[in-house]
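Note that the protein sequences, when read in sequence, are chains B and F.
In terms of the working numbering, the first sequence has 131 at position 131, counting the first letter as 1, and numbering is strictly consecutive.
In terms of the working numbering, the second sequence has 223 at position 64, counting the first letter as 1, and numbering is strictly consecutive.
Derived from the structure by calculation, the hints contain no laboratory data.
Treat the hints loosely; a few may be bogus.
What the hints assert, rightly or not - Each pair of labels, with its calculated beta carbon distance range:
{"no.": "1", "chain 1": "B", "residue 1": "S60", "chain 2": "F", "residue 2": "R165", "range": "50 to 58 Å"}
{"no.": "2", "chain 1": "B", "residue 1": "V14", "chain 2": "F", "residue 2": "G243", "range": "40 to 48 Å"}
{"no.": "3", "chain 1": "B", "residue 1": "G106", "chain 2": "F", "residue 2": "Q204", "range": "34 to 42 Å"}
{"no.": "4", "chain 1": "F", "residue 1": "N244", "chain 2": "B", "residue 2": "F57", "range": "29 to 37 Å"}
As the list claims (entries may be wrong) - Straight-line distance between alpha carbons at most 25 Å, and here's what the computed PhoX-like set of lysine-lysine pairs gives:
{"no.": "5", "chain 1": "B", "residue 1": "K16", "chain 2": "F", "residue 2": "K299"}
{"no.": "6", "chain 1": "F", "residue 1": "K299", "chain 2": "B", "residue 2": "K11"}
{"no.": "7", "chain 1": "B", "residue 1": "K16", "chain 2": "F", "residue 2": "K200"}
{"no.": "8", "chain 1": "B", "residue 1": "K59", "chain 2": "F", "residue 2": "K200"}
{"no.": "9", "chain 1": "F", "residue 1": "K200", "chain 2": "F", "residue 2": "K287"}
{"no.": "10", "chain 1": "B", "residue 1": "K19", "chain 2": "F", "residue 2": "K200"}
{"no.": "11", "chain 1": "B", "residue 1": "K11", "chain 2": "F", "residue 2": "K279"}
Built from N, CA and C at the ideal position, the CB exists for glycine as well.
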Amino acid sequence: MADRLLMEAGKLIVSKEGKDASDPALTPGDMMFNSDWLFSGTIIAAGVHVDTASYGFAKSFAEDGFRVNEGTSDTYTQVINFPEQNYVPTVLLIPLGDSRYWSDFGMLLLAPGAFSATTSLVRDAPITVTYSQIIIPRVRNVGNGWRTREDFIYVVMGM
Amino acid sequence: MTERIRLGHKDGEHGLWVSPPGVDIATANRFLLSSAADMLKIHAQGEYRSISTLDDSVYWKHEFELPFPDLGYIPLAIVGVKQGNGEVNFPPNLWPFTQYLGVGLGTYMSVIGIATDRIKVYGWNSDKDITFYYTVFRHKLLDGV
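Hey, can you work out the whole structure from these sequences and the hints?
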């Protein structure tokens, strides 16, 4: 049976099943954890953020599609809170489609980011991250002034 | 010598901590491993090449599912897409899958979603040959919807 844990001064390795942690020929793919790595998947928070802004249009249904980037007359900046750190962590944001359609498909739906839709859309200010918040100013339609609702998957990483 | 691994007592808690290379555990403000923090754990990972056989003269239809063992909840998953230019887009550029229907009608896009047991792709695209790369983590985002 393989010894899967190596712990000595300043070094901790956990190997995968069938691999000996003290084997000097161990490759990164053979390990579950190595204290020499710079990042090991530690996360501070991860979840789904659903916009609370009002809808510009009633829900409608297209047989093979769903609506994204709904307009809203609300202008407030979106904020996602996470446990306060003493450094600014790395954050991953993945844009989602309108949450009203998720139950129609039985799944959470990915979507393109609103910002890349067209040059007539601009974000009021850049997205920023602090010690405890992701701050997301709204995307604005230059032509008619409407803002855009945006839902996200967010991952706040321990790095 | 820098102390990087502590198994025992720290800041009023018992547990295991590993600080990043070169950082002392006593002064570390982030940890490579902490028994007080969650970590991303991979549930499924792979790639899928979709070569469409159905087109409407402009767009190619892509429809497939990437199954994984049912988690009972909707997990965190990331998807990258490689299209004709050979570059992998992450987060994926899904605009080629969208249709803009006009003012007041909004923008519709095809289904690319995450369920409790699969990633589903159903849509039309100008490229016949598309490769998806995906990783599913054992981290709950939502109950099933």
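Hints versus structure:
1. Between B:S60 and F:R165 the beta carbon distance is about 57 Å. The supplied range of 50 to 58 Å therefore holds.
2. Distance hint check: the CB atoms of B:V14 and F:G243 are about 41 Å apart, consistent with the given range 40 to 48 Å.
3. Between B:G106 and F:Q204 the Cβ separation comes to about 23 Å, which falls outside the hinted range of 34 to 42 Å.
4. At roughly 34 Å, the beta carbons of F:N244 and B:F57 sit within the given window of 29 to 37 Å.
5. Of the supplied pair hints, the one linking B:K16 and F:K299 holds, its CA atoms being roughly 24 Å apart against a limit of 25 Å.
6. The suggested pairing of F:K299 with B:K11 is violated, with an alpha-carbon distance near 31 Å, which exceeds 25 Å.
7. As the CA atoms of B:K16 and F:K200 are separated by approximately 13 Å, the hinted pair is consistent with the 25 Å bound.
8. With a C-alpha separation of about 36 Å, the suggested pair B:K59 and F:K200 falls outside the 25 Å cut-off, and the hint is violated.
9. For the given pair, F:K200 sits about 33 Å from F:K287 by alpha-carbon distance, which is inconsistent with the 25 Å threshold.
10. For the given pair, B:K19 sits about 19 Å from F:K200 by alpha-carbon distance, which is consistent with the 25 Å threshold.
11. A distance of roughly 42 Å separates the Cα atoms of B:K11 and F:K279; the hinted pair therefore is violated under the 25 Å criterion.
In summary, the structure is inconsistent with hints 3, 6, 8, 9 and 11 from the numbered list given earlier, while agreeing with the others.
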